[in-house]
Amino acid sequence: MNVFAVASNTLPAMRWQPLCRRADLVAFSGVVAWLETSAAQVALFYLPGHTPELYALDHFDPFSNACVIGRGIVGDLNGAPVIASPLYKQHFRLSDGQCLEDERVQLRTWPVRFENDHVLIEA
Amino acid sequence: MATKETLIIIGNGMVGHHLVEQVIEAGALARFDVTVFGEERHRAYDRVHLSEYFTGRDAESLALCDADYYAQHGVTLYSNVKVTEIDRAAKTVVTASGRYAFDHLVLATGSFPFVPPIEGRERPGCLVYRTLSDLDAIRDAARNATNGVVVGGGLLGLEAANALRGLNLDTAVVEFAPRLMPMQVDREGGELLKEKIEALGVQVLTERATQRIEQGEQSRLRIVFQDDKVLETDLIVFSAGIRPQDELARDCGLEIGERGGVVIDDHCRTSDPAILAVGEVALWNQSIFGLVAPGYQMAKVAVSTLTGGDARFGGADMSTKLKLLGVDVGAIGDAHGERTPGARMFRYLDPLTQLYRKLVVSSDGKKLLGAMLVGDNGVYDTLLQYYANSLELPKEPASLILPQQSGAAPALGPGALPDTAMICSCHNVTKADICRALDAGAQDLAGVKGATKASTGCGGCATLLKSVVDFELEARGVEVDTSLCEHFAYTRQALYDIVRVEGIKTFGELMEKHGSPGHGLGCDICKPTVSSILASCFNEPIMDAAHVPLQDTNDTFMANMQKNGTYSVVPRIAGGEITPEKLMVLGQVAQKFELYTKVTGGQRIDLFGARLEDLPAIWGELIAAGFETGHAYGKSLRTVKSCVGSTWCRYGVQDSVGMAIALEHRYKGLRAPHKIKFGVSGCTRECAEAQSKDIGIIATENGWNLYVCGNGGMRPRHAELFATDLDDEALYRTIDRFLMFYVRTADRLQRTATWRENLEGGLDYLKEVILEDSLSLGDELERQMQTLIERYECEWANALSDPEKLKRFRSFVNDERPDPSIIMTSERGQLRPA
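Line by line, the protein sequences give chains L and S. Residues in the first sequence are numbered from 1 upward in steps of one, following the UniProt record's numbering. Residues in the second sequence are numbered from 1 upward in steps of one, following the UniProt record's numbering.
Worth flagging that the hints you see were computed from the coordinates, not collected in a lab. Small disclaimer: the values here were computed from a predicted structure and weren't measured. Where is the CB? At the ideal position from N, CA and C, for every residue including glycine. Mixed in with the good hints, there may be bad ones.
Not everything, but these chain S residues come out facing chain L in the computed CB check (under 10 angstroms) [to be verified]:
id, residue
1, K527
2, N798
3, F812
Same shape as in the complex, but just chain S:
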């Protein structure tokens, strides 16, 4: 076997990491030994969402890969190691700890924030916003501060301003130009943007040139402007643009652009063919590309070059859509209409709803050259497709930006998109790629996402992707059949609405009124589904006669059937807290009925091997000792896992056990499309692993941070931060709404994680519905939850009081004997199925 060549990558930012992924994906590890040097302490993280670092996300959740991803693939990563020199003659790179030889070198060193040469800029409290370390420094400086100023009102400046707001500082933005975001918006757009941002309590000062920074009088620092006006502040964040980090390349004599940047050709090669450059450090055709998508494209091209391919980088579209301080801003192509002579413009300005839209159209009115949006990016995707694919505009282009009610605003159907249409620019996925994935066997949105990675970068294309997938599935004759089963031509969600609106209380009535013709019995799909819907609407005991034939065996016998036909019994141990007395009762019951005992992952104790006819006696003893059913058998709330919290732990900041118990009692018995797990951690160390739960709660100094839609299991998913610093009441209210909305809208057997991934509009939409009450559903959802909570009763206590219900708990209706086919054997001192 030939010896491998050595590939060194300098830089472990988003693009550097993508390059490693591409190398792995291309199978190029067979050819290269890869070593990566990252100057930062953290491995590659999501810089696009950096500001969330102040609203609950930590470095780990921002990381772009698992901690052992590199090691698993045999890639060597040196974090926190600065490369100090490239020796091109010897083909080595130099760090403080030694020299490393390379056959190929890729520079992915990115950029650094530019701090204008202002007198006093070295004072303590003068900071920048680029890396996690920068954010740590900002957080430290904010500790004893009440206000902060961002110098620079561009895209990054507004993000920094958002971060300062997140630290509860009075925030001001100072911009040299006459408007905010001068690169992206024009005067009207800038005015509107300023109004909207000021409405959020952020002070905006435009046309201000900062002259010097000196000691403040009321605050730590004072900014003196050109006109000698002053502004006092405790800290300053400079955000006056970025510059390519090209020092290493400069020092070793690679060709550098006039205003910085390592010059590359279409193959990402620098002036030294053994050295490539990608991302924000690279200068292609006199341009630096300060967005992640073109960086990813360069990474792909670089891997092709390294492996002898001929892929070329041909520039990139710099269209962007952003949500800055909650305000939508979008810019497509030649948004200012400056690049094409004869371009014509359409403008729509609504001062009431604070909406600004502008189209730049070719002189013949047929092609879209650019667009600018402030206040609402709703039409961005459609406009981008017109622009990117040079589609012919409708006869009246203005209809694209006029509000819905006053005209058409025809959304561009997926069918009108050509095969080359770029759907996901982060991962370079075209409509043709999606069609190929479908042809190769992907059957739904999730399958397409898995096969193409589309919509797994910034996620901005989620809605578009879904419409393309749905359209293509339909075009392939795959009828996207959303019928629950052959008995009901409705989705679970539709059935839920029918049951609720019509007040239908039994399966029979629902089948009679809405079942498919000719089918009377139902099946093992629709019966448990309808049972769950009825339970989450009315919460009648599942053992009531009308509901009995609907239940899965686990619900019928209120225990979990195991592989030999015996059952396991799991009493509720709320929050995992149990008295010694109750613990002993569990031991005694297990001993008496010869049950195998095991501690579960949800901090409870599972008693296995219970015979059907023993279940009532087992529960009689458990209930007498104060236990209640744990619903381990139901598609319902399982457990609320907790750490010991502030009661015992020196790090705890809230009583996590108390909260876990309160939550478990609040939501016990809630029947849902699938099981629901909670976790409550008493501090940010997260010992309860709450971020892997459907509902995760992490204590803060000020209350609780709420995370939603996490999952362990087959496809682990980190829960996403949903709301921060809630007090107890707000936490209950938010979870009430969230859970009820999930119960209403999810498909059958769909955990919150999958539900969230398929939810159109994603997390933002969910926040709008739950936190901002955009559908005016909040009160109704809370009331419905309250009704369910009030109607809770322990199903086992209910059954034990009713001899009719207990009749089913016997192996044979005509004989007292236990099932003779169940045979147990002994292992490690306990019984198990033979």
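This is chain L alone, in the form it adopts within the complex:
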């Protein structure tokens, strides 16, 4: 069972697919991968030693309408891991994409996991 699975009837059946390699990630920071099957930009955040240690959020920042989320600063607020947008500094929870400054805004998230040296995404 995957707690991050988003029920959706409109999307084609989701499947786990390789996205990039572990070596492409930067510890305690973000990188961005191109998700061909959805034509989406996925920001990946890697927190080695933490549980979970990998998160995938939409790279698109709805406040600036630019693709910048993966270039923000990773941190935690009240114990919850967050990413701060580099443009207008809003915080988004890594676990579910929820914006902490505006409850109406939530970034898309994807289930991700490691398999050996590969990063897999369910999309």
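Since the structure of chain L is already known, use the hints to place chain S on it.
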């Protein structure tokens, strides 16, 4: 709408100007058309700091308001216009150019310096010290002079003596009384004051009555004293007191006091109810008030009277604290103990540290009646509060003036002050006013200053104000939480000290040893802050693996992210000087990578719209052409702006471009709490606008004048003169110390201007630390700066040589394509975000 009444104000000095401000603030412009006549060429300026005119400040920086302040508010100001007559019957004032009708008239004509009727006082070289024009005359006369004498050893006389020293003249002070400042100090205090002033190289002659002035033999003039002794000098400044400038009032028949001054009542009304008088021309209850604070109070009362209010002037406390020739002098209340029978005195005299303190206490020992301080005003604020609020003295009043180590010297806590305690007498701000400002939403010292104007006059109350604000904030349960963020319960300053003392080199180590329990990751507040601290302690490349996750995106990619996710690129163009070849390279690079180009305010060229994956290639070409990173992305030194200076300009007195380039190369890469901007001007015309920079340098005939803590931007602030006529080496050394001290002690994202405004002790304290080395930090600060300078390397050159670091410069780690969401359009021949 009813027609407005006409209000004419004669006099545009400090009090006259304050009156206009009060009229504006009271909203009374809806009711009055205001016209101001100022006899002087300059609009109102800060006469209290007049002597700084000789140490680098000009008329503009002494001005009390912006040039267009009056016009902006619709107030008419006639400068350099003398009112020659008041026609009370016709209710008009007369000037050389016409007659002006008034409904209400306020006299704020101030005073003029009294020159005793001494034979020969009209000779050239006999001068007075009161206005900017007087100072121009003194400066002219000093040009071919080697020495000067001030006749009069009172407060203004000593200020004049300081001014003469500022002009590098051998200076003497001649006083008729047996001691200096006879009004403020007693015999012991006077002796000490004399010793201290003589130690500064100023000759002091007391008990000398000047008889006549004649042609000199070695010098231009010769003073002959009553006892026929003589003193030769090139110029004489008379400072024998001031007299109210009441001629206009006299001529039109207003009631005048026996020894001058326009008689006013509690409402500042003269004997003609249509005419009011304020400031040093006004005589209230047989007294003239020669200080600015009572003048401001009168201005406030006058506005109340004009607008139908009932405010009253009830006299003013003449307590003063001064720094004359660098010597602290303070006098509170009945400093001589002459006014109350049975008064008892405590005296403390330390001949070694040259300190004199005296308390005048009521016969029951419970109330402070007065005090006198020479050599150190440290206890002045506390004593003034005891005096002004009639607070009960401690059981042993002497403890208030004894040195710290030998007893208590209990400072008076802000909590002990009653609501009526006057905190800022310039702007009449009481403790209650401060509490009201806090209740109305002011959240910190700056907020209180903005709301009440407290501490924005003479600034003497800065320390007291801060302690009251801190105390009241705490009392309101506003915990003055100085934690950086939830991860570190320390201020930036404390973290800085920890990092330096413990030699901590990574964020992880700092978090482990000093982070708040339970938080491991940090956040977008503490990570860049710690990164900056580490950089200013050790200057390791910010792209090194351990530091990478700490950086803001701008530092990560060493470029400035713009609103569509692209970056701007700013190579260093030190001092704004660039060869044609390099200029062409910038054009070629911009053309090749389709970058929008714009010239910045810091004399550089900004290339906008660079895609993340293009940054290494762009920098490859720039570095090959000899460019280096400009740190436009960092909280660090940005630019040193300069004018062309003596190389090209007919007015330039030093090579400002050469100095700007040297400074920019010296401090490039210095990471600080916020960005730092410099300016270097080659002459006093100041074309580089250095006084709006964190560090401003203005060339003089003899070297460089250094200004600090200026700012443009949201809240412009004039930089303050810090040191004068420095040679190159002294300039570097002073800036080394200043910048390092700022880096050490400022809060995160605090520019030098805000840092300075929040610095306890203000500019004087800063001068003590940097120039006089009061904390014995100078060598350490210089060494630390030297280490940082030696470790400088261009971050872009470093990154380009390391394939691991370049890996991040791609839009997608798994795909070569550029970010497809970036869309550009064209405008005025260049690309911009769609």
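query = For this structure, which hints from the list above don't hold up?
reply = 2
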